[in-house]
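Engineer: One line per chain: the protein sequences are F and V, in this order.
First residue of the first sequence? That's 4 in this note's numbering, and the numbers climb one at a time after it.
First residue of the second sequence? That's 4 in this note's numbering, and the numbers climb one at a time after it.
No wet-lab data here; the hints were simulated from the structure.
Incorrect hints may appear among the rest.
Remember, identical chains collapse to one label, so a pair may be satisfied in a single copy or spanning two.
Stated by the list, open to error - Dumping the calculated DSSO-like pairs for lysine-lysine here, alpha-carbon to alpha-carbon at most 27 Å:
| # | residue 1 | residue 2 |
| --- | --- | --- |
| 1 | Lys9 | Lys53 |
| 2 | Lys306 | Lys294 |
| 3 | Lys53 | Lys261 |
| 4 | Lys146 | Lys178 |
| 5 | Lys294 | Lys360 |
| 6 | Lys120 | Lys231 |
| 7 | Lys53 | Lys347 |
| 8 | Lys9 | Lys231 |
| 9 | Lys146 | Lys231 |
| 10 | Lys261 | Lys44 |
| 11 | Lys170 | Lys142 |
| 12 | Lys351 | Lys286 |
There are 2 protein chains.
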Amino acid sequence: MSSNKKEFINSPTFFVGVRGNGIISFGSGQPDLPPPPQIYKILPEYHSFKYGLTQGQINLRKALAKQYSGARPENFVITNGASEALDLTIRALSQKFGGGKLLLFRPYYYSYPFLVKLAGMEPVISDLKEGKIDLDDFKKKVKGCKAILINSPSNPTGKIESIETLKEIEKIAQKLGIYILSDEVYKDLIYERENYLLHGPYVVTINSFSKTYAMCGFRVGYLYARDKDLVNRIVEIKARTSMNTSILSQEMAYEATKVPRNQVESQIKIWRQRRDMIYNGLKDLGFDLWKPEGAFYVFPKIKNSTQAVNDLFYKYKVIVYDGVWFGVPGRIRLSYAIDTEDIKEGLKRIKSYIGSKKGKI
Amino acid sequence: MSSNKKEFINSPTFFVGVRGNGIISFGSGQPDLPPPPQIYKILPEYHSFKYGLTQGQINLRKALAKQYSGARPENFVITNGASEALDLTIRALSQKFGGGKLLLFRPYYYSYPFLVKLAGMEPVISDLKEGKIDLDDFKKKVKGCKAILINSPSNPTGKIESIETLKEIEKIAQKLGIYILSDEVYKDLIYERENYLLHGPYVVTINSFSKTYAMCGFRVGYLYARDKDLVNRIVEIKARTSMNTSILSQEMAYEATKVPRNQVESQIKIWRQRRDMIYNGLKDLGFDLWKPEGAFYVFPKIKNSTQAVNDLFYKYKVIVYDGVWFGVPGRIRLSYAIDTEDIKEGLKRIKSYIGSKKGKI
Numbered sequence: 004m005s006s007n008k009k010e011f012i013n014s015p016t017f018f019v020g021v022r023g024n025g026i027i028s029f030g031s032g033q034p035d036l037p038p039p040p041q042i043y044k045i046l047p048e049y050h051s052f053k054y055g056l057t058q059g060q061i062n063l064r065k066a067l068a069k070q071y072s073g074a075r076p077e078n079f080v081i082t083n084g085a086s087e088a089l090d091l092t093i094r095a096l097s098q099k100f101g102g103g104k105l106l107l108f109r110p111y112y113y114s115y116p117f118l119v120k121l122a123g124m125e126p127v128i129s130d131l132k133e134g135k136i137d138l139d140d141f142k143k144k145v146k147g148c149k150a151i152l153i154n155s156p157s158n159p160t161g162k163i164e165s166i167e168t169l170k171e172i173e174k175i176a177q178k179l180g181i182y183i184l185s186d187e188v189y190k191d192l193i194y195e196r197e198n199y200l201l202h203g204p205y206v207v208t209i210n211s212f213s214k215t216y217a218m219c220g221f222r223v224g225y226l227y228a229r230d231k232d233l234v235n236r237i238v239e240i241k242a243r244t245s246m247n248t249s250i251l252s253q254e255m256a257y258e259a260t261k262v263p264r265n266q267v268e269s270q271i272k273i274w275r276q277r278r279d280m281i282y283n284g285l286k287d288l289g290f291d292l293w294k295p296e297g298a299f300y301v302f303p304k305i306k307n308s309t310q311a312v313n314d315l316f317y318k319y320k321v322i323v324y325d326g327v328w329f330g331v332p333g334r335i336r337l338s339y340a341i342d343t344e345d346i347k348e349g350l351k352r353i354k355s356y357i358g359s360k361k362g363k364i
Numbered sequence: 004m005s006s007n008k009k010e011f012i013n014s015p016t017f018f019v020g021v022r023g024n025g026i027i028s029f030g031s032g033q034p035d036l037p038p039p040p041q042i043y044k045i046l047p048e049y050h051s052f053k054y055g056l057t058q059g060q061i062n063l064r065k066a067l068a069k070q071y072s073g074a075r076p077e078n079f080v081i082t083n084g085a086s087e088a089l090d091l092t093i094r095a096l097s098q099k100f101g102g103g104k105l106l107l108f109r110p111y112y113y114s115y116p117f118l119v120k121l122a123g124m125e126p127v128i129s130d131l132k133e134g135k136i137d138l139d140d141f142k143k144k145v146k147g148c149k150a151i152l153i154n155s156p157s158n159p160t161g162k163i164e165s166i167e168t169l170k171e172i173e174k175i176a177q178k179l180g181i182y183i184l185s186d187e188v189y190k191d192l193i194y195e196r197e198n199y200l201l202h203g204p205y206v207v208t209i210n211s212f213s214k215t216y217a218m219c220g221f222r223v224g225y226l227y228a229r230d231k232d233l234v235n236r237i238v239e240i241k242a243r244t245s246m247n248t249s250i251l252s253q254e255m256a257y258e259a260t261k262v263p264r265n266q267v268e269s270q271i272k273i274w275r276q277r278r279d280m281i282y283n284g285l286k287d288l289g290f291d292l293w294k295p296e297g298a299f300y301v302f303p304k305i306k307n308s309t310q311a312v313n314d315l316f317y318k319y320k321v322i323v324y325d326g327v328w329f330g331v332p333g334r335i336r337l338s339y340a341i342d343t344e345d346i347k348e349g350l351k352r353i354k355s356y357i358g359s360k361k362g363k364i
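From just these sequences and the hints, can you work out the full model?
Structural biologist: Written as structure tokens, this is what we have:
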């Protein structure tokens, strides 16, 4: 996992925690803006130490229930980030159905197919059309699937699905009795319109404090599901595989739920400014890319993306992620969750890299 | 998961987090003694928030490496408690071998068979003889297994395996190239002799800060393995399923590694006193049980253990765990990680319960 050896880079795991040494990282999707100061205020007096409820602290689940219409604390499970929420949900579905097919849209977040296969399910792939769900293809592929995994706003595309598409999928899934796993970790980072949250008896909403409150390192996420049987299965699995999420991280997350909405929304302005800078910067360099509508990623086309990832890191100290990891070669993902000076410096280095290739992107 | 409804109790998950209301809990294995005060001293000034290394903070892994002869930081993975260490290891083995058999000793910790099956492996059971490994049976069963899971000191038996047995198993496993998963979360809680730590190229040592430092709620455990390929697989899985263990919990665990050894060992005296109290108390009530050599559990015989668990909870507000959950009906597990007044009160209530059964245990 060291960045010193000139190891060939073929997984995002290589970059986790790699920083410093003049590296500009467009890699990991980690906000550089600090968390709301409120979350630290409980620390000086903190003295608890015992196991908490596997399902999650009741104060936190009560606070979350207020955020979802008709929800109750027992519909929530607090997890080690959205990653664990997703892993637990897929494991519970695999256990419930004895395996089965799960539909993913490509490009996908790099962990999705890994998690599906690891849990003993089979990924079925529907390719996005210019970053959006292709309903015709979806309707063909969804038959026989036990679940669908949707991520809007999307990592890595930065696109959001139209409300009409989401409602159509909701309708189809409910009719067929298929679960929808809705990974909404970027729901508070939308530039273009209000988000539409998928809902229904078979919907599992997955979310996290990591992005909205810049609490990545504390690892607090959650899932919300109206299906009691599924929640019970998930709690039973979590009781054996990790037990409660850190009680202290949960208390910090609880403090985060009290942060006024306008404090959260004021950050959107900063994200939009960065988005415009990186989008325009890459456009000016000649890249072909979509304008992000949400989240904090751009996903430009590039020739031989794997070579680019290795060259940019070893020769220019720039971290970008290979499109291959998201299921599509010929693109790289850049996170712009870094400050504007770093974005500028990174763009300069990418310009040099392209220069060395005689402008052939 | 509520204790208010008179739900039939058939899983330890029922009891997680259930406390207060005059309940005496011999249930969860959770020390009541507080953690070393040192672990809280970093809290007032703490301000980090970013993702850490999936494998674990380097300061913590360096400190742990000093505790194991010949170990290096890259041999460790820091996890959400020993539970996640075990789950990740079994998933990695299942991935490596495409499933396969894993040998367990019965009575076992209740999560073991669940985790093995959940990960797509098949548990093979070797029954303990009076709480100790039966080498003849072991030798017959181990053939064709990919791994063995050992837990000494044992939860639930409170027994420790003889050094000769452990060395013999080490030899056999190394010869056959079989992995040994050694769950050593109670290695610092031994009353009878020095512990013997299993080691070798195929050994995965699993440990935790939960029991030794009473840090259950913070969820910090780890695994130590010399097999680089296995460690890499585990890190890759953890990167997708939970990412880094809470960075703050890890810093607290790091502080715990600096606690002087005699501060830890001074607690053994308290545990021995409690052990003697509960062992003698249950003996006096007529129970047939082993004298614990390590950990903090007694595992007496009782008629219709499932009925006893339900009656003791609903009629006497006493939590005990059903032997059925550990693979053996006709016993109950009592944790004595509670203060002596509670042990006394609990024994009194158990006496009343037995009285109601006209002394038929």
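Engineer: State for each hint whether it applies.
Structural biologist: Hints and how they fare:
For the homomeric pair lysine 9 and lysine 53, the shortest alpha-carbon distance between copies (25 Å) is at most 27 Å, but the shortest distance inside one copy (44 Å) is not. In this assembly of identical chains, the alpha carbons of lysine 306 and lysine 294 lie at most 27 Å apart only when taken from the same copy (20 Å versus 69 Å across copies). Proximity of lysine 53 to lysine 261 under the C-alpha cut-off of 27 Å is found in both arrangements, the shortest distances being 24 Å within a copy and 21 Å between copies. Taking the shortest alpha-carbon separations for lysine 146 and lysine 178, only the intra-copy value of 11 Å comes in at or below 27 Å, while the best inter-copy value is 50 Å.
Proximity of lysine 294 and lysine 360 under a CA criterion of 27 Å is satisfied intra-copy only: 25 Å inside one chain copy versus 74 Å between copies. For a Cα distance limit of 27 Å, the shortest separation of lysine 120 from lysine 231 qualifies both inside one copy, at 25 Å, and across copies, at 23 Å. Proximity of lysine 53 and lysine 347 under a CA criterion of 27 Å is satisfied inter-copy only: 22 Å between copies versus 47 Å inside one chain copy. Taking the closest pair of Cα atoms, lysine 9 and lysine 231 come within 27 Å of each other only across two copies (18 Å); inside a single copy the shortest separation is 49 Å, beyond that limit.
In this homomeric assembly, lysine 146 and lysine 231 come within 27 Å of each other (Cα to Cα) only inside a single copy, at 24 Å, whereas the closest approach across copies is 42 Å. With identical chains, the CA atoms of lysine 261 and lysine 44 are at most 27 Å apart both within one copy (12 Å) and between copies (26 Å). Taking the shortest alpha-carbon separations for lysine 170 and lysine 142, only the intra-copy value of 14 Å comes in at or below 27 Å, while the best inter-copy value is 59 Å. Within a single copy, lysine 351 and lysine 286 get their C-alpha atoms as close as 13 Å, which meets the 27 Å cut-off; across copies the closest is 78 Å, which misses it.
The structure is consistent with each of the numbered hints, conforming to all of them.
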